[in-house]
Amino acid sequence: MSDLQSVSLPGYVRALNRALHAEMAADDSVFVIGEDVRVGASGVTAGLVPQFGTERVLDTPLSEQSFTSFGTGAAMVGRRPVIEFQISSLLYLVFEQIVNQAHKFSLMTGGQVHVPVTYMVSGSGSRCGWAGQHSDSPYSLLAHAGIKTLVPSRPEDAYGLLRSAVRDPDPVAVFAPSALMEAADVADSGEEEVVPLGEANVLREGDDLTVVAVGQHVGTALEVAESLADQVEVEVIDPRTVYPFDWQRLGKSVNKTGRLVVIDDSNRMCGLGAEIIATAAEEFDLLAPPKRVSRPDGAVIPYALALDQELVSGTERLTKAIRAALM
Amino acid sequence: MKLIREFEERCLEMAIAGEIIGGIHPYIGQEAVAVGVCSNLTERDFITSTHRGHGHVLAKGADPRRLLAELLGTLEGFNKGRGGSMHAADIELGILGANGIVGAGGAIGTGAAWVAKDRGSSDVVISFFGDGAMSQGVLLEAFNLAAIWSLPVLFVCENNMYATSLKVESGLAGNAARRAEGFGLVARTVDGMDVESVASTAGELIERCRENKGPAFLECSTYRFFEHHSILEQLGVGFRDPDEIASWRKRDPILSLGKQLSDAAVAEIDEDVKGKIDEAVDFARNAAPPDPKDALMYLYSGEVAVRPGVIL
Ligand SMILES: Cc1ncc(C[n+]2csc(CCOP(=O)(O)OP(=O)(O)O)c2C)c(N)n1
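Chains C and D, in that order, are what the protein sequence lines are.
Sequential numbering of the first sequence, starting at 1, is according to my numbering.
Sequential numbering of the second sequence, starting at 328, is according to my numbering.
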């Protein structure tokens, strides 16, 4: 398999790529569809054509709405499509096809059909210099609508969660953050574990404060936790699956630490952070007001690098939020 | 056709009476299209349907008792009361669902057609839609996909001259069939009030699809005798010229066909259909309602812990 991946892929992309190879080999009903997937323009689908042929790797015209519902139709009659979207914002074009069609069929038909489609969002979040229409992280929208939504933060999760997504009987969206896909220093461990949906991962244990971090911000959180290690013991939780969310694991942590900070790449208003904090306020034992670190309300990422970076959070803001939550 | 007519007339009464909640989009007047097209299909072929879908569903062979049971929101309905009029689906019969979003079925049907072809079967997909759907981008994208991949799908445009109140000439630039030809589809236009010409032309196009000659497009000129939705009927609101309606009613496909049969044969069909509909009404009225605590059943295929809206 590896000799087919002649291009040297960054670790995170390579993990996604391995997962697709593995699922296609395991199940003939899996096929990949999207724009430039045969050449593997994003890297995620590299090497699939020589292995599985053009009948199972379909290049589409630039028709997101029709190929998204095409996936629904194919899934309804027995196939497992993996649809790759080149840009996260393209999800806005196909909200109707995902949220209003694919997601609703199971309930509306009284369980007569399932729609096992995977939406592979190759590259969400800022790409530094790609500006307004290529820098969003719209996973909160899909979670709000009830689409199973994953944001893996490590190559082993990217591998294991994508495999679970493809096997899942319902529509599942997998957001691969650009920052991670492009990171040259992230290595793929070559692990083969399948990661089940809905299980959070505790990446660092601590008794004083819980940080929930999503996607590329898991790295931010680990870095900050380390830098504050002499002052405070931070527990870092990566939900991995944004929806359904592992509330139990979070509750266990927050009930232990009593303090909570959330960092993610959503816009603030109605973003994922809002849901996590609301739930914690309703259900968990908090000692102090929780804090969230997010993009501003309704943010549109500007082009100039300094402006882009101003809106996308990092270690500094998280450190401040942690200090505030410790007051 | 008579079965659809009688079914729809009964539904219209039940909708106006409030027994069918949400109302219906009556298909009355357009029966020759569904019946003509579906007379060429087997149980293995697929259809996608529209908000005005009862005719297509029945013509594909669905049990009227279970369709009515669905409209009454009961567990005996195809969708166990979760879908209603605009989502009626019988997957075993290849009915991939009526659809409440105009133009949505075309791309879904195209995906199913790809699978049928990929399996090496000669099964085909029929996607029904109205003239209004011809302005939906996703449908035009689906024509393109179906054509470049040479998929066995017949797109059937039921041009009943109106999209709710919008006249076709105000909504559709150019001509539906010529548009489809622009995508490389073989396209025909037929008199949608004449079941035999619909059946024979659809038959030819479906045969082409079965022989792997690519997708096709059939425009049927037709007319709905009632208003867009039963609510309008209920309110007595009409958008169309009564003379226009009267002139189309003279071309009623069921009356025309009836003239070719003996009085005795017509009486026999009428009797038979009435019995079936009475039976469907009885069946549906006696069917069990779903349990409110199961309101989100079937949302996901497996166990997903959906949190309630209120956590106390
Ligand atoms: C995309 C979309 N826009 C608007 C509506 C509201 N709507 C429902 S039916 C209809 C008219 C559809 O006209 P046509 O496609 O010609 O079908 P007909 O009702 O004539 O059978 C409209 C506007 C909708 N359901 N979907």
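No wet-lab data here; the hints were simulated from the structure.
Hints are not guaranteed to be accurate.
What the hints assert, rightly or not - Partial selection, computed: residues in chain D whose CB lies under 10 angstroms from chain C:
hint : residue
1    : A344
2    : I348
3    : G349
4    : E370
5    : A416
6    : A431
7    : V452
8    : M488
9    : Y489
What the hints assert, rightly or not - Per label pair, the in silico range of CB-to-CB distance:
hint : chain 1 : residue 1 : chain 2 : residue 2 : range
10   : D       : L639      : C       : E191      : 56 to 62 angstroms
11   : C       : H144      : D       : P619      : 19 to 25 angstroms
12   : D       : T491      : C       : P302      : 39 to 45 angstroms
13   : D       : V633      : C       : V202      : 44 to 50 angstroms
14   : C       : L311      : D       : R567      : 50 to 56 angstroms
15   : D       : D445      : C       : G314      : 44 to 50 angstroms
16   : D       : G464      : C       : P50       : 33 to 39 angstroms
17   : D       : D445      : C       : E191      : 45 to 51 angstroms
18   : D       : E606      : C       : V300      : 58 to 64 angstroms
19   : C       : G53       : D       : E598      : 39 to 45 angstroms
20   : D       : A615      : C       : H144      : 15 to 21 angstroms
These numbers were taken from a predicted model, which means no experiment stands behind them.
All residues carry an ideal CB built from backbone N, CA and C; glycine is no exception.
Practice task
Determine which of the earlier numbered hints do not hold for this structure and return their numbers in increasing order.
Solution key: 1, 2, 3, 4, 8, 9, 10, 13, 17, 19 and 20
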